[in-house]
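*Asks:* In case you want the letters, here they are:
Protein chains: 2
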Amino acid sequence: MNALVLTKFNGNPQVQEVAVPTPGKGQILVKIDSSPINPSDNSFLKGLYSTKKTLPVIAGFEASGVVVASGNDFMSKRLLGKSVACFAPMDGDGSWAEYMVTGNKTAIPLKKNVTLEQGSMLLVNPLSVIAMIELAKKGKHKAIANSAAASALGTMLNRMCIDNGIALVNIVRREDQVELLKGQGATYIINSSSKTFKQDLSKIFSELNVRLAFDAIAGQMTFDLLDALNAGGEVKVYGGLSEQAAMANPGRLIFENKKVSGFWLSEWIMHQSLLKMLKHFNKIQKYLAEIHQTTVHQRVGLNGAVAGLATYMENMTAGKVLVKPGLK
Amino acid sequence: MNALVLTKFNGNPQVQEVAVPTPGKGQILVKIDSSPINPSDNSFLKGLYSTKKTLPVIAGFEASGVVVASGNDFMSKRLLGKSVACFAPMDGDGSWAEYMVTGNKTAIPLKKNVTLEQGSMLLVNPLSVIAMIELAKKGKHKAIANSAAASALGTMLNRMCIDNGIALVNIVRREDQVELLKGQGATYIINSSSKTFKQDLSKIFSELNVRLAFDAIAGQMTFDLLDALNAGGEVKVYGGLSEQAAMANPGRLIFENKKVSGFWLSEWIMHQSLLKMLKHFNKIQKYLAEIHQTTVHQRVGLNGAVAGLATYMENMTAGKVLVKPGLK
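Sequence lines, in order, name chains A and B.
So in my numbering, the last spot in the first sequence is 328, and the numbers never skip.
So in my numbering, the last spot in the second sequence is 328, and the numbers never skip.
Keep in mind that a hint or two might mislead.
Any copy, or any two copies together, can satisfy a pair, since identical chains are not distinguished.
As the list claims (entries may be wrong) - Listed below are the simulated DMTMM-like cross-link pairs for lysine to aspartate or glutamate, each with C-alpha atoms no more than 20 Å apart in a straight line: (1) Lys31 x Glu175; (2) Lys52 x Asp176; (3) Lys46 x Asp227; (4) Lys283 x Glu134; (5) Lys283 x Asp33; (6) Lys105 x Glu267; (7) Lys112 x Glu256; (8) Lys198 x Glu267; (9) Lys52 x Glu256; (10) Lys52 x Asp227; (11) Lys46 x Glu256; (12) Lys82 x Asp176; (13) Lys137 x Glu267; (14) Lys25 x Asp73; (15) Lys31 x Glu98; (16) Lys324 x Glu117; (17) Lys53 x Glu256; (18) Lys46 x Asp91; (19) Lys203 x Glu267.
No wet-lab data here; the hints were simulated from the structure.
With the sequences and hints as input, model every part of the structure.
*Replies:* Dropping the structure here:
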């Protein structure tokens with residue numbers, strides 16, 4: 001089969017012909033239909049992502065496809081022939097290939113009204129959004145903020161905050177993104193390119209008593225968010241799109257009891273019960289089918305994935321880029 | 001009386017003649033003997049310190065002296081004639097003056113074997129050290145780190161960690177400071193000027209399982225400490241000597257569950273009971289009298305305080321600079 005193999009953490013995996021893997025006990029073989037390009041792929045390919053994977057390895061973290069073979073055990077065999085959303089294994093080859101082996105516990109059968117393309121984006125973003133909402137509720141936050149509001153995750157968070165009665169301060173960096181968010185019913189939208197950004201942020205954080213901000217950007221954004229948060233507030237960094245160190249004013253840490261921490265989906269998942277995860281997946285499939293479709297901007301074959309990654313990172317607002325190994 | 005008055009947050013208070021203040025109910029008037037220059041004075045004078053004080057205001061946060069007048073209430077009158085260590089009021093004039101009014105609750109009578117000079121340094125540093133030890137014990141840390149190990153606070157922390165059986169990684173920035181710490185019984189000393197600093201730090205943090213670091217410097221130091229800490233670790237920033245933003249690698253925050261927070265003595269004190277504070281003060285006076293004297297490097301009058309501040313900030317290892325309003 002063809003697969004996109006990373007041999008160095010240089011951001012540049014190459015298409016290679018490799019053997020189709022064989023599923024063992026507890027495993028399934030998925031014929032990949034679609035696999036979205038996420039910011040975490042960019043981090044991983046450049047060696048900025050924490051991982052147990054050793055090189056060379058096939059890239060790609062999540063996908064959808066059809067189960068075409070399985071190990072000789074009940075839980076795996078019952079998935080045979082089903083359309084599934086699936087995670088790549090933590091320590092092995094990923095989803096940017098014609099086929100992928102993964103554990104039967106990291107594959108979720110898709111409901112009939114969820115397409116394979118929407119289903120390929122069922123895991124990372126929707127689960128992240130659910131986790132963020134849960135963290136907000138747990139901390140009794142009536143208002144939170146997100147620094148990458150125009151991304152697929154951002155617009156989904158906006159929708160789910162509206163549904164959950166949580167005020168969300170959407171931070172975007174371009175005027176057309178302000179319009180996008182408005183069109184999706186967002187009430188609070190701040191443009192980080194505006195000259196009055198810091199004042200706008202402080203004003204709205206103060207009015208809404210924002211003490212929790214999710215930050216996908218790091219660098220100066222972390223600094224500005226921490227400055228603007230109310231006393232006792234926390235910035236949870238979940239990405240490093242600026243590719244710079246997260247910064248913080250020592251005075252805000254010392255005198256205002258604020259902190260900077262991180263959010264990692266994999267860590268969060270490990271603390272969820274199986275039952276809770278099943279509930280989450282049902283909720284997500286309903287969302288994806290009926291409420292909030294993620295826009296697909298581009299479909300690329302394995303040969304087009306590296307260029308697709310660049311396209312995506314340059315303008316995430318345009319929508320997701322899907323790697324489709326079946327496309328030539 | 002003469003007093004050092006700050007009219008702008010420009011780091012440059014001026015000697016002015018002002019009226020001697022009158023103590024009201026619950027207050028005492030202290031004839032100031034000595035007042036140490038602390039890093040927090042530097043921050044305050046430059047406007048980097050969180051404060052409720054409005055300008056113009058007399059600078060200085062802690063001092064020693066003799067109570068020469070009081071409000072007409074029992075608790076204040078019983079301090080008359082006593083030598084005390086005292087804090088400046090949170091919202092009023094400070095201790096760099098011939099006299100200061102403060103509340104009777106923020107003055108502690110000195111035991112006979114504690115000199116006025118040592119007593120003037122009884123509050124900020126020793127209480128900070130006690131707070132740090134308590135935080136370490138509360139988090140069940142058997143090893144912690146401090147990034148300003150050669151300071152008065154740092155050497156006191158070293159001594160108290162030895163007495164409490166907590167391993168302390170002392171981070172200094174010059175070779176003579178390595179010798180100083182060795183002479184004081186320190187086991188783990190790392191020089192941040194060394195080319196192998198980062199590797200040294202990682203190695204020792206890993207060996208001792210360090211997950212808590214106190215950082216007085218911020219900037220790159222916060223970044224390096226966070227990198228080297230074991231998973232789940234926390235950097236508590238308590239100063240900003242580098243006068244730069246605290247920095248953090250997003251990957252450490254996201255994938256290793258680490259965080260950057262702050263430590264502020266005033267906040268900590270607010271959560272202590274009066275009884276506990278009295279115990280702390282007894283312990284500290286014993287320490288100052290019998291175990292660990294703080295070195296005094298220079299004594300300056302009010303006119304010499306600004307120069308003294310510069311001297312102190314340039315070389316904190318040399319010892320404390322005391323402002324003595326009685327010196328001409």
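*Asks:* Run every hint past the structure and note whether it holds.
*Replies:* Hints, verified against the model:
no. : hint            : result
1   : Lys31 x Glu175  : neither (41 Å within a copy, 61 Å between copies)
2   : Lys52 x Asp176  : neither (39 Å within a copy, 42 Å between copies)
3   : Lys46 x Asp227  : between (30 Å within a copy, 18 Å between copies)
4   : Lys283 x Glu134 : within (14 Å within a copy, 45 Å between copies)
5   : Lys283 x Asp33  : neither (23 Å within a copy, 69 Å between copies)
6   : Lys105 x Glu267 : within (16 Å within a copy, 47 Å between copies)
7   : Lys112 x Glu256 : neither (51 Å within a copy, 38 Å between copies)
8   : Lys198 x Glu267 : neither (32 Å within a copy, 27 Å between copies)
9   : Lys52 x Glu256  : between (37 Å within a copy, 13 Å between copies)
10  : Lys52 x Asp227  : between (35 Å within a copy, 18 Å between copies)
11  : Lys46 x Glu256  : between (36 Å within a copy, 18 Å between copies)
12  : Lys82 x Asp176  : neither (40 Å within a copy, 69 Å between copies)
13  : Lys137 x Glu267 : within (18 Å within a copy, 26 Å between copies)
14  : Lys25 x Asp73   : within (6 Å within a copy, 82 Å between copies)
15  : Lys31 x Glu98   : within (6 Å within a copy, 83 Å between copies)
16  : Lys324 x Glu117 : within (9 Å within a copy, 75 Å between copies)
17  : Lys53 x Glu256  : between (40 Å within a copy, 16 Å between copies)
18  : Lys46 x Asp91   : within (17 Å within a copy, 51 Å between copies)
19  : Lys203 x Glu267 : neither (33 Å within a copy, 25 Å between copies)
Checked against the numbered hints listed earlier, the structure breaks hints 1, 2, 5, 7, 8, 12, 19; every other hint is satisfied.
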